[in-house]
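*Asks:* Given next are the chains, with one letter for each unit.
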Amino acid sequence: MENKLTMSGLAAMIALVSGQPGQLCEEFLKELFRIIGDELEKGENVRIKGLGTFKVTAVDARKSVDVATGGEIEIPAHRKVIFVASKDLAALVNAPFEAFEAVEVSDALPTDELLDIVEDSEQEGVVVESEIAETDESIDLEEREDASVSDNVSDVTEPDKSLEYSESISEDIEAKEVADSMTESETSESVAESSAKLKKADPSEKLRKAEAVGPVIITYDIATVKESHFGDEETDSTDSISGDDAAAVEVDDIEEKEEPGTPVISFSSPLSSAATRKGNIRDNDSGELDDKKSSAPKEPIKTIRFESAESNDDDDEVESGRNRSRFGSGFLIGFLSAIAIVAVVLLIGVKFNMVPEKVSSMLTKNSPVEENVDNVQDVANDTPVSDAVLSDSIIGDGSSVAPSAASTTAASNAGEAREDAVPTRASDEPVYDVVSTTRYLTTMAKEHYGNFNLWPIIYEENQSFLGHPDRIKPGTQVVIPPLSKYKVNPDNPEDVKRIKQKGVRIYSKYK
Amino acid sequence: MHGFLAFKFDMDNKTLIDTLSKKLNIPQATTVKLIEGLASSLGECGTQLDSVVVAGFGTFEPRKRTERVALHPASGKRLLIPPKIVLNFKSSSNLKQRVNHGE
Chain A
84 MENKLTMSGL AAMIALVSGQ PGQLCEEFLK ELFRIIGDEL EKGENVRIKG
134 LGTFKVTAVD ARKSVDVATG GEIEIPAHRK VIFVASKDLA ALVNAPFEAF
184 EAVEVSDALP TDELLDIVED SEQEGVVVES EIAETDESID LEEREDASVS
234 DNVSDVTEPD KSLEYSESIS EDIEAKEVAD SMTESETSES VAESSAKLKK
284 ADPSEKLRKA EAVGPVIITY DIATVKESHF GDEETDSTDS ISGDDAAAVE
334 VDDIEEKEEP GTPVISFSSP LSSAATRKGN IRDNDSGELD DKKSSAPKEP
384 IKTIRFESAE SNDDDDEVES GRNRSRFGSG FLIGFLSAIA IVAVVLLIGV
434 KFNMVPEKVS SMLTKNSPVE ENVDNVQDVA NDTPVSDAVL SDSIIGDGSS
484 VAPSAASTTA ASNAGEARED AVPTRASDEP VYDVVSTTRY LTTMAKEHYG
534 NFNLWPIIYE ENQSFLGHPD RIKPGTQVVI PPLSKYKVNP DNPEDVKRIK
584 QKGVRIYSKY K
Chain B
497 MHGFLAFKFD MDNKTLIDTL SKKLNIPQAT TVKLIEGLAS SLGECGTQLD
547 SVVVAGFGTF EPRKRTERVA LHPASGKRLL IPPKIVLNFK SSSNLKQRVN
597 HGE
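First to last, the protein sequences are chains A and B. The numbering of the first sequence is the numbering used here, which starts it at 84 and goes up by one. The numbering of the second sequence is the numbering used here, which starts it at 497 and goes up by one.
No lab work stands behind these hints, which were simulated from the structure alone. Ideal placement from N, C-alpha and C gives every residue a C-beta, glycine not left out. Be aware that one or more of the hints could be misleading.
To be verified - Pairwise CB distance ranges (calculated):
(1) A:Gly105 to B:Gln593: 29 to 35 Å
(2) A:Ala151 to B:Gln593: 42 to 48 Å
(3) A:Gly154 to B:Ser571: 42 to 48 Å
(4) A:Thr520 to B:Lys510: 54 to 60 Å
(5) B:Ser589 to A:Ala178: 29 to 35 Å
(6) B:Asn509 to A:Ala151: 24 to 30 Å
(7) B:Pro579 to A:Lys146: 30 to 36 Å
(8) A:Val150 to B:Asn509: 38 to 44 Å
(9) B:Gln593 to A:Val148: 22 to 28 Å
(10) B:Lys586 to A:Lys146: 19 to 25 Å
(11) A:Asp121 to B:His568: 39 to 45 Å
Between the sequences and the hints, there should be enough to build the whole structure, so can you do that?
*Replies:* Here it is in structure tokens:
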């Protein structure tokens, strides 16, 4: 390896190869190089067949650095001898690496590719996680209702306290309210009347009227508390209903510590008002509910029964002596059970996609109940609204599922369309052919192009779904592109050669 | 003889073989054989990365070029160029002098 051969060694080798005597070979070499040297001296090139060309070329003067001194020196213009090995000799020399071919490398470096893959997977992961989080949230919403129920159970004492606080703070107001309520609220009709008025009344008027309706307000306390809790998010005008802002705020503060599952509470609390035949509040709520999740509006209707029972209790308790803590606990227990049932029903409804029907049926059932209220028209007007809202919301709810399905179908349609489009576009020019056990790409090439060597054209056209060119499944339909697409003239041997090389490359891919 | 004004009488293969044959008193066919032998010998030396030193003329040095990634000039694709051996010629100082003697 990397030995230095002298002329004698080379002569010996030549003697061995050519079978001529060694001496002759050495003489020959001496003479050959002498002649070449002479010719080069004359400034002439020497071309030797099978060996290469010795050329004399002029080199321009250039500046360089003296290796020894480091100073700049100028290399004067001179001539130099270049040897360009002939193709044959170059191939001989390169024999060990002859088998190698230039291989196409993907644009990204291997390490970059890996990095890209990692990044992609990370991004995908994030997306997936967020999706999961979303779905979880949507599920949580229902679960949280249950959770909020349990929370509320544990917080039963707290709301009581809060109620007490609110009581103490808004004593003046409530004292009047309760006093009023003692007289007024006993007759549900009067309450209904006032509520009916409330519907039309301005916020300010409502305030006044709310004050007038005592026991209802007590239930409002919670209702408004929850509503105001919503108000934080929804900025809806529940304040207008709540006569006792202070209480609402107070309880609100405490409530806010709880989980955001309170939405459910707010829906059922209006029910208490519904029980007391106050359609307007429910309507208000349902109005608010527009913005909220579709599941929300369904609750009020179902809980009416429970609430009505409770509201009676409430009235009794309030009448018995403003024992609000007791009332609160009693109310809350019933209230929570109502929430629990609502949540369960909701869950079932959501799971079996029966909610819309149920709600609509409930609504229709509900409206007669409300018709007891004096302002039938208002209620009638309102119920459609709520109905519409519900249906809207239901539609909205369904839309979350339906659009996705629609989108998927749309996507699939689009995909089909695209699939359709490709062939139609392709069928403008090329012809189809089907691979069989007796029909190969070469057969087709021979048939369509007149030269079986041109099969790589067909392969390349259908590359996307063809694997190994020798293992194409019989029955595979391939497109026969026009030769013009690949700028191939079957009569041009160079083109054929190019395509042949393509074939070699295709095969090399599967080695 | 300067630049491209130089009119060269390049020695072609035929002239070389003719001259050689006359000098060595051997038939042209033998000369051709010998040249072929020289080429194959140089090739063999090249594959072994053995350099051939011709005294007073120069050195034939086979050099191994390692593989590299290069852009295809036409298609712009990245290609991994395989390693290869090329035969370099390094003229001796004697030849250099002779070549530049005319100046």
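*Asks:* If a hint holds in the structure, say so; if it does not, say that too.
*Replies:* Tested hints:
1. Distance hint for A:Gly105 and B:Gln593: a CB-CB separation of about 30 Å, consistent with the stated range 29 to 35 Å.
2. A:Ala151 and B:Gln593 have their C-beta atoms about 21 Å apart, which leaves the hinted 42 to 48 Å range violated.
3. The supplied range of 42 to 48 Å is met by A:Gly154 and B:Ser571, whose beta-carbon atoms lie about 47 Å from each other.
4. At roughly 58 Å, the beta-carbon separation of A:Thr520 and B:Lys510 lies within the given 54 to 60 Å, and the hint holds.
5. Distance hint check: the CB atoms of B:Ser589 and A:Ala178 are about 31 Å apart, consistent with the given range 29 to 35 Å.
6. Between B:Asn509 and A:Ala151 the C-beta distance comes to about 43 Å, which lies outside the given range of 24 to 30 Å.
7. Take B:Pro579 and A:Lys146: their Cβ atoms lie about 34 Å apart, and the range 30 to 36 Å holds.
8. In this structure, A:Val150 and B:Asn509 meet the distance hint of 38 to 44 Å, their C-beta atoms being roughly 40 Å apart.
9. Checked against the hint of 22 to 28 Å, the pair B:Gln593 and A:Val148 passes, with Cβ atoms roughly 24 Å apart.
10. A C-beta distance of roughly 23 Å is found between B:Lys586 and A:Lys146, which places it inside the suggested range of 19 to 25 Å.
11. Roughly 43 Å separates the CB atoms of A:Asp121 and B:His568, a value that falls within the hinted 39 to 45 Å.
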